[in-house]
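Undergrad: Spelled out, the chains give:
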Amino acid sequence: MTTDSPRRVVPQPDELTQPFWDAVAEGRLMAQRCQQCGFYSHPPRIICNECHSFDLKWEPVSGKGKLYSYEVMHMQSITGFEDRVPYRTVLVELDEQPKLLFLGYLPGADDGSLTLGMPMEVFFEKIEGTDQTLPQFRPAK
Amino acid sequence: MVWEGKGKTAVVGIGLSKLTRRPEAPLGALALDACRAAIEDAGLKPEDIDGICTYPDQPFAGAGRRDGEDLVNALFLMNHGGLAPDIKWYAQISTGMIASAPIEGVNALISGAAKYVLFWRAMHIPKGTYNSFRSYSAGGDGQFGAVYGHVHGYQTHAIAYRHYLNKYHQNREKMAALVTNSRRNANLNPGAFFYNQPMSVEDYLNARMIAEPMCLFDCDVPIEGCTAIVMTTADRAKDLKNKPAYIAGYGQNTAHRPEYLTYMVDSYLDAGRPHVGKIYERAGMGPKDIDVAELYDGFAPSTLYWLEAAGFCGEGEALDFVQNGNVSLEGSLPVNTFGGSLSEGRLHGMGHLAEAVRQVTDRADKRQIKDANTAIAIDGSPLLRGSGMIFTREP
Ligand SMILES: [Zn+2]
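Line by line, the protein sequences are chains A and B.
Counting in our numbering, the first sequence runs from 63 upward without gaps.
Counting in our numbering, the second sequence runs from 813 upward without gaps.
Be aware that one or more of the hints could be misleading.
If you anchor each label on the Cβ, the simulated ranges turn out as follows [unchecked claim]:
(1) A:M180 / B:P1010: 37 to 45 Å
(2) A:K188 / B:G1137: 49 to 57 Å
(3) B:E836 / A:G89: 50 to 58 Å
Source of the hints: derived by calculation from the structure; they are not laboratory data.
For every residue, glycine included, the Cβ atom is placed at its ideal position computed from N, Cα and C.
Throw the hints in and build the complete structure from the sequences for me.
TA: Right, here's the structure in full:
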C-alpha cells in the first residue's frame, strides 16, 4: 500500500440504514426519530430506547452540535487507515438531544485546535476513488 | 437487606496456567493445567467436581472455530477434564462480565445442584496482529464507526477518558501513580507477566501513545492463559485443606446498559454505583468495610471509574486519590495488589478475583495485606458492564 492510498472503509448499508446513506448521498443528515415520544436514535435501532415504541421514522437533523470528546489514533490496526496515523476521531453531540452522538474523522495529529464543547458542524466528504459520501464534522465556521 | 446467601459458599482452590505473550500450547491444554491446579490446590480430585461453569467468549471477532483452540467451552472440560462422570450442573455465561459465571456457580451450590463447582476463564490471542480490523467495508453499527477509522475498544475508552479528564480538570500525568503502583505489585507476583520488569514514572510518561490520551501502559497486556477456581459450600469448605475465602455478596451491572456509541460517555457513575451498591447491599457492607480492592484495569481509566463508583473517593477525584501511595500495599486502600491486568496480564478480571481470594486467606506472599478481612473484586468497566464479588475471611 502506498502512503497516499485513497482507499478507505466504506459503509455496507442494510435495510434499516439505507435511508440514512441515501440522504447522505444527497448532502442531508438524518436520524431516526420516535413518532411516539420524539426521541432520536443513532446509530439506527429497531426500538426506541426511551419509550420502547417500534414506530421510528427518518427525520432531518441540523448537523450542528458540540464536540463531546475526541481521541488521537496512533495504531495502524484498521484497514484503510494504517497510513493515516495519527488521526483524530471526534464524537459530536447534536443540538437536537443530549447524547445524540455522531462520530467523525479528522485527519492529522492533535494540533490544539479542538476544545471539548466547541461548536461543530457537519460537512459531506466524498471518499476519493469511490462513489461514497460520508457525513463528517469540523469546528463550526 | 443483607443477602441470605452471605457466607454460605467459598472459594477453596486457585489454579493458573502459564501466561504467555503468544500462544505456545493449545488453549485447551492451558485450561486443563489451570483447572487441575485449582482442583489440586483445593485438595480435591477431578472426579469430585460435579459442577462446572465458564465465560468462554473472547474479545476478538471470529472465535469459536474449534473448542479448545481459540476458546474453551464447558463441553471441553466435561469431555477432557476427568471430572465426575455425572456432572450435576453446568453453565456457560455470556451476560454481565466474567464473574457472572462464578456467580451462577454460587447459586448452584446454594441450591444444592452441585457440591464442588469448577470455574475457569481461558484467554486466547489469535495469531498475527491482535485486535485489528481488516475489511474495506463495514456493516452493522460499524458502518457508523469503522468508516471513520474508529473500531477498537481502546478508542472508545480514550474518548471517554478525555471527556473525564476535561470534566474534572484532571491530567493524564497523574495516572503514573496508579500504573507504576500496579507494576510495583506485579514485581512481587512471580506469576505476573511483568514480574521482572520495573516501571518508573518516567517510563510511564515517555510511553508511546496508543489512542491519546491513553498510552501503551494504560492498556493491559494481552496474554494467552487460563485461571480457574474451585468453589463449594461453607460447610464442605471447613473440611478442605485451604482456608476458605467466603463469598459475602455479588453483583452484576444491569442498570443503564449503554449502547455502541453512548458507552463512551459519562454514565460510569449512573451504571457503576447501583452495580457496586448491589454487592455492598448483599454483603451488608460499604466502602469503609473493604480492606483490599481489586478493580478491573483492562484500560487504566476503568479503575478510576470503579474507585468512584464504589465510593472509595468522590466523583472526579480518583486521580487525586491514587497519589502519595494511598493505593499501595502500605496505603489506606491497597488496589490491584497483584499488578492488575496492566502488569499481571489480561485475564479479564480473573486475576482480580484470584487475588481477592488470596488476600483474605493469607496466601498473597510478599503482597499480603496484614489483617485483610474483606476484599472486593470487580471486573469490566462501569462504562460498559461488569460483575463482582466481596470475599471475607470469616463467613
Ligand atoms: Zn420513543
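Undergrad: Now tell me if each hint is right for this structure.
TA: Checked hints:
Between M180 of chain A and P1010 of chain B the CB atoms are about 41 Å apart, so this pair conforms to the stated range of 37 to 45 Å. Between K188 of chain A and G1137 of chain B the beta carbons are some 55 Å apart, a value that agrees with the proposed interval 49 to 57 Å. Checked against the hint of 50 to 58 Å, the pair E836 of chain B and G89 of chain A passes, with Cβ atoms roughly 54 Å apart.
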